[in-house]
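Q: If you want the building blocks of each chain, they are given just below.
2 protein chains.
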Amino acid sequence: MVNETQHTCSASSSSKSDGGSSSGSESSKDSSRCSTPVLDADRHERLREKMRRRQDSGDKWFSLEFFPPRTANAAVNLISRFDRMGAGGPLFIDVTWHPAGDPGSDKETSSMIIANTAVSYCGLETILHMTCCNQTKDDITGHLQKAKRLGLKNIMALRGDPAGEEWEEEKDGFNYAVDLVKHIRNEFDDYFDICVAGYPKGHPEAESYEADLRHLKEKVFAGADFIITQLFFRSETFLKFMKDCQAIGITCPIIPGIFPIQGYHSLRQLVKLSKLEVPQEIKDVIEPIKDNDAAIRNYGVELAVSMCRELLDSGMVHGLHFYTLNREVATTEVLKRLGIWKEDPRRPLPWAVSAHPKRRVEDVRPIFWASRPKSYIYRTQEWDDFPNGRWGNSSSPAFGELKDYYLFYLKSKSPREELLKMWGEELTGEESVFEVFTCYITGEPNKNGYKVTCMPWNDDPLATETNLLKEQLEKVNRRGILTINSQPNINGKPSTDPIVGWGPSGGYVFQKAYLEFFTSSEIVTALLKVLKKYELRVNYHIVNVKGQNITNAPDLQPNAVTWGIFPGREIIQPTVVDPVSFLSWKDEAFALWIEQWAKLYEEESPSRMIIQYIHDNYYLVNLVDNDFPLENCLWQVVDDTFELLN
Amino acid sequence: MVNETQHTCSASSSSKSDGGSSSGSESSKDSSRCSTPVLDADRHERLREKMRRRQDSGDKWFSLEFFPPRTANAAVNLISRFDRMGAGGPLFIDVTWHPAGDPGSDKETSSMIIANTAVSYCGLETILHMTCCNQTKDDITGHLQKAKRLGLKNIMALRGDPAGEEWEEEKDGFNYAVDLVKHIRNEFDDYFDICVAGYPKGHPEAESYEADLRHLKEKVFAGADFIITQLFFRSETFLKFMKDCQAIGITCPIIPGIFPIQGYHSLRQLVKLSKLEVPQEIKDVIEPIKDNDAAIRNYGVELAVSMCRELLDSGMVHGLHFYTLNREVATTEVLKRLGIWKEDPRRPLPWAVSAHPKRRVEDVRPIFWASRPKSYIYRTQEWDDFPNGRWGNSSSPAFGELKDYYLFYLKSKSPREELLKMWGEELTGEESVFEVFTCYITGEPNKNGYKVTCMPWNDDPLATETNLLKEQLEKVNRRGILTINSQPNINGKPSTDPIVGWGPSGGYVFQKAYLEFFTSSEIVTALLKVLKKYELRVNYHIVNVKGQNITNAPDLQPNAVTWGIFPGREIIQPTVVDPVSFLSWKDEAFALWIEQWAKLYEEESPSRMIIQYIHDNYYLVNLVDNDFPLENCLWQVVDDTFELLN
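Top to bottom, those sequences are chains A and G. Mapping to full-length UniProt numbering: the first sequence position 466 is 466, numbers consecutive. Mapping to full-length UniProt numbering: the second sequence position 266 is 266, numbers consecutive.
Hints were generated in silico from the structure; no laboratory data involved. Treat the hints with caution; some may be incorrect.
Identical chains blur together in the list; that is why a pair holds if it fits in one copy or across any two.
Using 27 Å as the maximum straight-line C-alpha spacing, the simulated DSSO-like pairs for lysine-lysine come out as follows [stated by the list, open to error]:
#, residue 1, residue 2
1, Lys533, Lys493
2, Lys413, Lys137
3, Lys275, Lys451
4, Lys50, Lys217
5, Lys137, Lys148
6, Lys243, Lys358
7, Lys107, Lys599
8, Lys493, Lys532
9, Lys447, Lys137
Predicted model, so just to flag it, every value in this text is computed and none were measured.
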């Protein structure tokens, strides 16, 4: 939000769109059988309630503004940034609306899709900006319906920049933000939380500061829930504005927009767009250091920190909104120095919870996608509901088509060159593949000196928890047990345990040891002999790309491998080894060999043929040691297998 | 089944009753989310499948025949006998049909209701006999529909004794058992398993032994699943019969009916009814000892054991059917001596599972009715299904009306005089009530020398598990904490543990400590102060008869207090403290003071007023210690409370 105009207006619409279900009636049924024992009340609150609760509790908070990226690669990076900056605990993020960038489309770079990604995949409370000028009512209703469908619950209602210099009001059109606010309330009742823009210095196009305040009041009275302000350079500017707002009866939350100066050029551009004047004392500091980015950023951080402190100390401000310009360092630095960057190691569930309203009752996932949660969410996004916390009664839950699989959110974040450095420019045999897996586990550089920081089956570097198993994992990968997922057994650690804990305090968490790997048919033959000895203790599923399936699981029942016991609640079992979804995962896991790895190499090249060979001939194996109170026996199983082979 | 006639006949019916759902389509949906992780495959099999499986595995089995009682008190005793004899592991029991006793009615002594009791409350696989002669098609269809509705899945199809000497076939009527078999198959497809009677000596009214065999074959070919025979006195008689059956193409199971001679008169009566001849060698033994019941029974047991051994040793017999005459000793003795009485200490769930098909997915119950399971089943019998293993989505599950409460299956088994001896002919104050509770716990006689073996809130003597808590329970009851339910905490004992274990082997069971008691408002006031110290650890619900409800449970979520972890399965949590059903239990628990105890005394008598005072003024309290891995703190809570009071 850099430049917004507003005027009074009288446009309004009458017909309701989106049927009878538009009144935000997502409230869950009261029930003495709650499929999702409420671990995180927050998850069920709407944004304005969260804001109110934070204000009442005196808890300071922050929010982060991003704009949509221009390219697919930039989108991948932005999503990683959402994950990293989301870890600091923003109350929400918001995504601006770029009319030029087809903002409501299905492109991976559109405002709509980026906001959806933030909600669904990153689990962030998100506000989608939306501008209304030069658009038809149908267009706008369509955007809002789509936003609702994609799980977005908050809209920042803006006018947008009129096209052309000679802009004139359209009769019955959307001329001002207030028209959009009214339209949203008319068509969607109370479904959305609505935010509007405030201008501490008055909007540059407004007749006067006072007239602009009156326009703001109109927007609020038309149904806006809170206000985010344009950036400003002095805390007094905001505090005076806030008092003036209150004086004319605006009582909703007003959130100051903070712009940490990050560079000379970005500042100049922003000032030009927003028609704001940079105070002389700031110009005086910046001009002499204008070519020294680091110096300017340090100064910007200092300036922002001291202004934020004044705002917070005033007692009038509970939350701060940051214009990040999609950059991480300056904003994070300011937040950390203010002490409101709060990395909370506690997790409501062992996996990151999506913020999509449809998924709020979701409390069980198959373990297979543990390292590819975005793929899981993507592939299950068409599920209408999550009865029993997940896929309900169907014996074959539809995990999306594998053709969807190659879509944007599932692809590797790293460019081809980097992947080749990590996974080998040229493979000389299966052993070179073993070597890649081993380097990923150990964190040691490969023979060309590059660290292997990701694998096709893992979005991220190795989980801390997996580190507990590092030594054993290294040993087995070196010998061709190519591990892609594992967890140690846990027998009742406190739910506050920094590594394996999750859920509210006062509880205990448990795990069954789990190991999942690709391996050759020779090893599988030996493994099956060994597993006979462990028949009553270890459950296994062994499958190849053709679907040949060997298992000792008696039926299609899932095996709970992670569960927690909490005060006053039912048992929560968020991770299962589910035989049905394993077959969907199998398709994905084998396809990743080809799509992410083999295709790095020329067709018919020896490297490609090695990966193809593994794809065609290896088995995907999962093992669960059911006897969680005893020492994990899966390593013994593997050792016995190697011994049998020798 | 003592006297049955059969002939060929041609009656058959055409129209289907009972709508489209009559084809036994109770099969559970295949699902990767199984609300009842299958602990006991047996529970989902029909009788003929169980029989087949036992035969295939070479496992010998037995079944027990009972007749309906004449009086309500006799029914109470018979149900206790079902429980005791059910413990020996019969494959099924069967209940005879007494046309003179209004067998299809809702009376507590009717064949229909006794069979329903055996299924629903005692968890026994049950066959209901049904005779057809002198009945209209509509009557019979009505009985069958009712049987189905009451959870009965097996019918023994019989002709019954014609009324009057001059019986003649009715045209288009039900003249023979085969008519009934055909009718059942016509009207209910494959819903029922059907049993028919076989006569090792030929039916007394049959033209010949061979003709009778042909009639039997007709019954089988009309749709009967297996045969139970009339009693006989020599194993050769049965073995010849069986070979003759096989010779003419009868391949279904044929189960020999065994009659252990239990007394001179009952034998004479039976012989008269069945028109069988007692072999001379038996008469020779019995006549001289005809006035010595014990001697005759001993002889009868010997005779039955040796005949059964011969049958089992022949390799042709896998199961034995016992005509118990509703007596326990002789049959149990025979079974124990044969080694096929198998008390299995393993329990599929910590509570006894009902055999009603509607309840087969039930896997969760509130802990409150733990000592009154029949009351729980009775009060929930109208529930249509058990989604999520219990009461589904409603926030206020209907636990039946309290007026139902006084009905037959919920009343005390002991007569008034016995109860007065146990609970006091005359009470002198609240302390005399404390004394009764204390004696129940300790097992010591009361001051009049009588042991207190039951209480209004407990159908049975103290559970073995409660014995683990005996010392503490005695101490607190003596001081006016009148405990009615409790369980110790358990932190991962093997599922095969003889006292607290349940579920399949290889698992681990857990419990949170639970204590439920009545106590005075003075003690509650102190208790509430003490509980502040335990706020994060102990959940409590404290309620009086008027419904005043004090709790620190944050919402209406149930608290799982018993759960188990098993190989290859989801977590099973069969017992919960459920805040919603606690309020229904509260009504029942308070009503028991009046209905079972106060009403033993004259109106206005001091004893009655003491109980009435407790009913009106005491609170019902339940406490859960959520920290199951630590030492149970509930005793400390109670000690602290007494300390505060001193």
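Q: Against this structure, judge whether each hint is valid.
A: Against the structure, the hints:
1. Lys533 with Lys493: For Lys533 and Lys493, the Cα distance is within 27 Å only across copies (23 Å; inside one copy 29 Å).
2. Lys413 with Lys137: neither (38 Å within a copy, 75 Å between copies)
3. Lys275 with Lys451: Neither, since 48 Å and 93 Å both go past 27 Å.
4. Lys50 with Lys217: So Lys50 and Lys217 pass the 27 Å test inside one copy only (23 Å; across, 76 Å).
5. Lys137 with Lys148: within (16 Å within a copy, 60 Å between copies)
6. Lys243 with Lys358: Cα proximity of Lys243 and Lys358: none, with 39 Å in one copy and 66 Å across.
7. Lys107 with Lys599: The answer is within: 24 Å in one copy meets 27 Å, while 77 Å across copies does not.
8. Lys493 with Lys532: Between copies only: 26 Å across, 31 Å inside.
9. Lys447 with Lys137: Neither, since 61 Å and 88 Å both go past 27 Å.
In the structure shown, a violation is registered for the earlier hints numbered 2, 3, 6 and 9, in ascending order.
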